[in-house]
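Using the hints provided, position chain B relative to the given structure of chain A.
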Amino acid sequence: MYDEIIPETLPENVKLEAIVLIYDKKIVLIRAKELDIGNKKNYARSLLIMIKDELITTNYADTKLLLSELKLFDRGNKQNKFTTLEKKDGDINLKLTLSNSHIYISKAEALTICGIYEESKIGISIQRLMVKELKFTADSLTSYLHESKLLDKIGN
Amino acid sequence: MENLVFIIILTIVILIFAKKFFFAKHESSIETTHFKQHEEKVQEEDDDEVFYIFNVTPIKLSLYDSRIFTDFYIATAYKTIVVDHLWRNEPFLTNFSKILYFIDSNNFWIKSPKTKSIVMHLRGLDGGESNSTSLKVLSIKEVVGHTVLDIFKNIYGLIEKKSVQNTLLNSLLFVLIQSDNLQDFLGDNFSKSHDEILIYESLISFFFENSSEDFKINLLKLWKSHHSLISKIYLQNIHYSQEYAYTTSQHKNNDNVLLRLGNMPKKQLLSIK
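Order-wise, the sequence lines are chains A and B.
Numbering-wise (numbering that gives the first Met the number 0), the first sequence opens with residue 0 and increments by one.
Numbering-wise (numbering that gives the first Met the number 0), the second sequence opens with residue 0 and increments by one.
Keep in mind that the hints were calculated from the coordinates and are not lab data.
Keeping only pairs whose Cα atoms sit at most 30 Å apart, straight-line, the calculated DSSO-like set for lysine-lysine is:
| # | chain 1 | residue 1 | chain 2 | residue 2 |
| --- | --- | --- | --- | --- |
| 1 | B | 110 | A | 134 |
| 2 | B | 110 | A | 51 |
| 3 | B | 113 | A | 24 |
| 4 | A | 14 | B | 110 |
| 5 | A | 152 | A | 25 |
| 6 | A | 86 | A | 106 |
| 7 | B | 115 | A | 25 |
| 8 | B | 97 | B | 266 |
| 9 | A | 80 | B | 115 |
| 10 | B | 115 | A | 94 |
| 11 | B | 115 | A | 63 |
| 12 | A | 32 | B | 113 |
| 13 | A | 25 | B | 110 |
| 14 | B | 110 | A | 24 |
Nothing here was measured: the structure is a model prediction, and the numbers come from that model.
Extracted from the complex, chain A is given alone in its bound form (with noise of 0.2 Å):
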């Protein structure tokens, strides 16, 4: 594996395809599968989450830090990036900043996303995952994203 050439050109049998979390807060995890065809194989080229059309992640790493923190929960620090504690009624929520909005997640809901996100590597190779991640632009991301159908509007 690690004899490979990284290639320049963006491979073209790479399609993005959303698994959803959570239905009603609409954050859905995005995975890059590529098909190998030589010999019938499926890969993980990135891993990336999308909350409200909005990707705050786009890169493994930030996937992985963010799954991290919701592992963590209530054990977090200042420190966190992406999510604040916040106690409301007695409850204990993160809260999620988006561009526009935010969004409060509870214990469950962080327990079945990290669940899910286990599970979506099952049936899939993630060795080139960590030798070869697909490193996006906003160009090829956008036409990745477009190729996919990611970008259509579903009723309306």
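The following block gives chain B in isolation, referenced to the frame of chain A:
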């Protein structure tokens, strides 16, 4: 007996006269046709020998060349409206070509009605963050070409020529107002106002600076009366236009929108086939 012979002779004489009288006309007509045919033959022989000289030098008219428009749809609209119908009366031709050239040389886009806009938080290798939005857009050039042609086909021949021409100018401005990055061109004063009439008036003062007041008032009257027709045809057209993926960055790129009216080529003498 004598009487009977007399009657027979009389009838024979009458028959001979009658034959002469009835068939004389027919014989004469045959004779004339023969004569005419002969005459025509002589004339045909004469035609082959005569040569008429026609004026074959092409007629030249002063028009804008349709090759100044790089976009196919805009060039087609210009050709069918101006060149095919020879609509070269002066205030219309310059104004129409000026607005078409402005749209053609700048990259205006319209947000597609069937798109989500996804905000992306991207990180560079140095860790710096930048926000950009990805969405699907329509090219305004394609929409303008289709809309102007459809409106022309709808109202051509139904109302006066001048009203048709002013409605076409209005339809160009209408599509231009729908553009989502027109505010980069207009400046910050119009970034907050979404009032259609305000933007319309500012565009009129930009394009028709030297025109008379009556012309502007006429335009505004037609804007109000034909607004529903224009918007209906516009909405039909944007549903069947090609969609392109597009990225808008956080920092405004004013370089993309260039005012290139000063470079507009002048009229040329062109031969019309």
